[in-house]
Amino acid sequence: MEEKILKNVLLRTPIVHNITNYVTVNDCANIILACGGSPIMADDYNEVEEITCICNSLVINIGTLNESTILSMIKSGKKANELGIPVILDPVGAGASAFRSNTVRKLLDEIRFSVIRGNISEIKTVYEGSGSTKGVDAAQTDAINESNLDEIIKLAQHLSEKTGAVIAITGAVDLVAVENKAYVIRNGHKMMSQITGTGCMLTAVIGTFCGGNPDQLLESTKTAVCAMGISGELAYQKTKRTNGGTSSFRTYLIDYMSKIDTTLLKEGSKIESR
Amino acid sequence: MEEKILKNVLLRTPIVHNITNYVTVNDCANIILACGGSPIMADDYNEVEEITCICNSLVINIGTLNESTILSMIKSGKKANELGIPVILDPVGAGASAFRSNTVRKLLDEIRFSVIRGNISEIKTVYEGSGSTKGVDAAQTDAINESNLDEIIKLAQHLSEKTGAVIAITGAVDLVAVENKAYVIRNGHKMMSQITGTGCMLTAVIGTFCGGNPDQLLESTKTAVCAMGISGELAYQKTKRTNGGTSSFRTYLIDYMSKIDTTLLKEGSKIESR
Amino acid sequence: MEEKILKNVLLRTPIVHNITNYVTVNDCANIILACGGSPIMADDYNEVEEITCICNSLVINIGTLNESTILSMIKSGKKANELGIPVILDPVGAGASAFRSNTVRKLLDEIRFSVIRGNISEIKTVYEGSGSTKGVDAAQTDAINESNLDEIIKLAQHLSEKTGAVIAITGAVDLVAVENKAYVIRNGHKMMSQITGTGCMLTAVIGTFCGGNPDQLLESTKTAVCAMGISGELAYQKTKRTNGGTSSFRTYLIDYMSKIDTTLLKEGSKIESR
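Residue numbers (the working numbering), protein chains in the order written: chain S, 1 to 274; chain C, 1 to 274; chain E, 1 to 274.
Hints may be right or wrong, so weigh each one.
Pairs count within a copy or across copies, as identical chains cannot be separated in the list.
[Unchecked claim] Simulated crosslink set (SDA-like; lysine to any residue; CA at most 20 angstroms straight-line):
1. K106 x Y45
2. K154 x L71
3. K259 x Q194
4. K266 x L217
By construction, these hints were calculated from the structure, which means they are not laboratory data.
Sequences are here, hints too, so could you generate the full structure?
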């Protein structure tokens with residue numbers, strides 16, 4: 001299935017509309033290109049609807065939220081729902097301020113999301129309407145580990161039931177869940193948390209994969225998470241070989257995403273189905 | 001001639017004022033430094049005129065257009081015209097929305113551009129007032145190739161006649177044209193389309209070269225297109241040698257721009273004069 | 001002392017709130033992570049105060065100043081003062097426009113800064129209320145060198161006396177000064193001026209080090225300047241070894257910051273105490 005997802009992306013070159021933050025926007029555009037999509041970043045109220053209309057998916061990322069783009073997010077999201085194209089939410093830093101938490105609530109009220117991806121602190125905020133977010137990184141007390149996995153899967157499945165969205169929670173271990181199904185994915189490397197934008201980039205890849213496979217949202221999300229994790233593993237190995245540091249790692253991460261093929265996916269994926 | 005252009009840039013360190021998008025702005029600043037200029041990014045209405053006054057050229061890029069910066073673009077553009085410094089337009093995604101197409105029309109009404117650079121879809125939109133833009137990348141049906149080259153040269157020359165600007169159309173083959181003269185440039189590599197910002201960066205380099213050679217707009221534009229293409233070729237070779245991917249390619253592209261000299265330019269340029 | 005500063009950062013993972021420009025913001029976030037901190041970029045008036053409250057320091061950078069973020073800067077700065085966390089100012093391009101110079105004055109009136117870091121042109125503008133800024137890079141006539149060092153130290157110390165802030169002036173030679181003490185630091189490499197963001201990144205590192213050592217502002221600033229300079233030296237050597245250019249240098253600069261340890265600091269620091 002993962003191979004089929006990837007092939008469709010490469011065949012269809014989905015155009016991905018991003019309303020996103022100004023911190024990691026360049027990485028997001030580059031990784032969308034790397035994994036086979038075509039990015040367009042546009043957030044002005046005057047054009048967002050029209051842009052959504054020429055796209056295959058929409059990614060909404062609240063990383064550097066500001067008042068004027070919230071209106072653009074809602075306008076684009078409603079249009080995407082009308083057109084039936086996938087809409088992905090990255091609730092960056094939800095819980096870090098009332099402004100972010102309230103905005104997430106408003107977005108969930110107005111837009112039907114296909115996928116929601118965040119770290120556990122962010123997803124808990126989405127779930128509970130409050131959380132213990134430590135800035136934009138996940139709080140230590142929240143980290144996913146083998147002992148709290150079952151509990152977090154239940155939370156994800158309940159949130160999926162409430163929102164109708166595929167829920168992806170990423171961290172040391174990654175989860176992708178819908179109401180009656182969950183995947184635990186053990187790809188990736190801890191160096192991914194030492195650069196900015198890994199989460200945002202993954203959300204952009206999910207947007208690309210869903211854009212190329214609008215009828216396979218769960219499988220597309222799972223495949224994107226695997227592809228990102230495998231790229232992280234290979235990037236770490238190359239960083240070590242070349243005596244590099246975190247910035248080389250970032251370069252190699254996008255490099256490997258541009259080289260992901262069905263063989264790498266098939267051989268590298270560490271997926272447990274629950 | 002290309003060597004003279006390059007020498008003047010290195011001698012004069014032109015300061016380039018950029019009103020540009022937040023996706024590729026860092027790459028643009030870095031490539032301006034790499035090719036011998038000094039970048040300044042400023043877009044607030046309260047300061048743009050003053051900033052233009054201390055610069056040698058102005059680059060206007062509509063990549064992530066928003067209502068408030070349009071006024072800044074017009075204010076800066078008029079000031080640059082008054083001062084007689086080169087103004088370069090990059091109509092990113094023109095045709096993708098009415099907002100972009102209308103803004104391009106407004107900019108062309110209010111500002112006298114020295115150079116306009118875009119892909120063929122964007123330039124057709126500028127020319128016709130409408131186009132078949134596929135997001136921010138050129139539509140396949142529009143691609144320049146050897147069979148439609150003559151026709152596209154005519155379009156470029158007609159647009160140059162209408163606007164008074166040097167017209168640069170980039171793609172698999174690049175064109176630089178004025179009313180009565182055209183250059184076909186066959187440098188570059190297709191990997192340049194697999195990263196974001198190649199077009200924006202080229203426009204920034206054109207801005208730098210024109211800033212250092214304000215009386216040689218056609219030759220500066222041609223030289224910038226060659227320098228970028230040669231950097232792309234060398235970057236591709238190094239990417240292959242190092243088993244890199246698209247992100248390494250981006251690094252090497254800017255690397256080679258920082259190493260371009262008159263020898264590389266003379267030996268590497270593939271220019272056909274028409 | 002430098003080792004102690006670094007150890008505290010690694011131990012405490014200070015969260016750094018950045019209200020900054022959209023040109024170098026990604027580099028700033030990545031270098032904060034590289035040196036042991038956790039970055040959060042947020043500039044909307046609706047949330048900045050709350051974000052400051054969960055952070056260990058605040059960095060205000062006026063690189064792409066716009067009217068709406070000035071209010072956010074002041075609001076955050078006042079809150080940080082109230083909380084007693086360090087506030088760092090990077091007056092990018094001060095002197096290049098009245099808008100920037102006036103904003104710097106307003107910020108100094110409203111906020112008590114812990115550290116102010118700029119090139120000599122910017123610091124002179126802060127000092128005199130006017131300067132000879134050449135865009136965002138230091139004017140040649142202003143460059144620090146061995147012959148004007150004493151004079152510039154006096155200026156820095158007088159500015160420190162007026163503002164209560166540690167003053168860092170960076171260039172070919174770096175200075176860190178308070179009223180009755182000054183350090184001259186001779187680390188670094190001239191390639192640091194051939195990429196965008198070296199100054200902004202250093203300010204972000206200062207913010208991180210001060211966030212981890214709020215009672216050691218002078219020593220934290222000095223250590224950050226050394227760490228950045230040493231990273232620049234090592235990055236230059238690797239760039240040369242790999243036949244790289246300016247973009248590889250940028251990658252390696254952040255790489256080495258992610259590898260800085262007490263040994264590299266102790267062996268590499270070139271600090272003269274005055």
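- Task: Return the numbers of the hints above that this structure violates; sort them in rising order.
- Result: Per hint list: single violation, 2.
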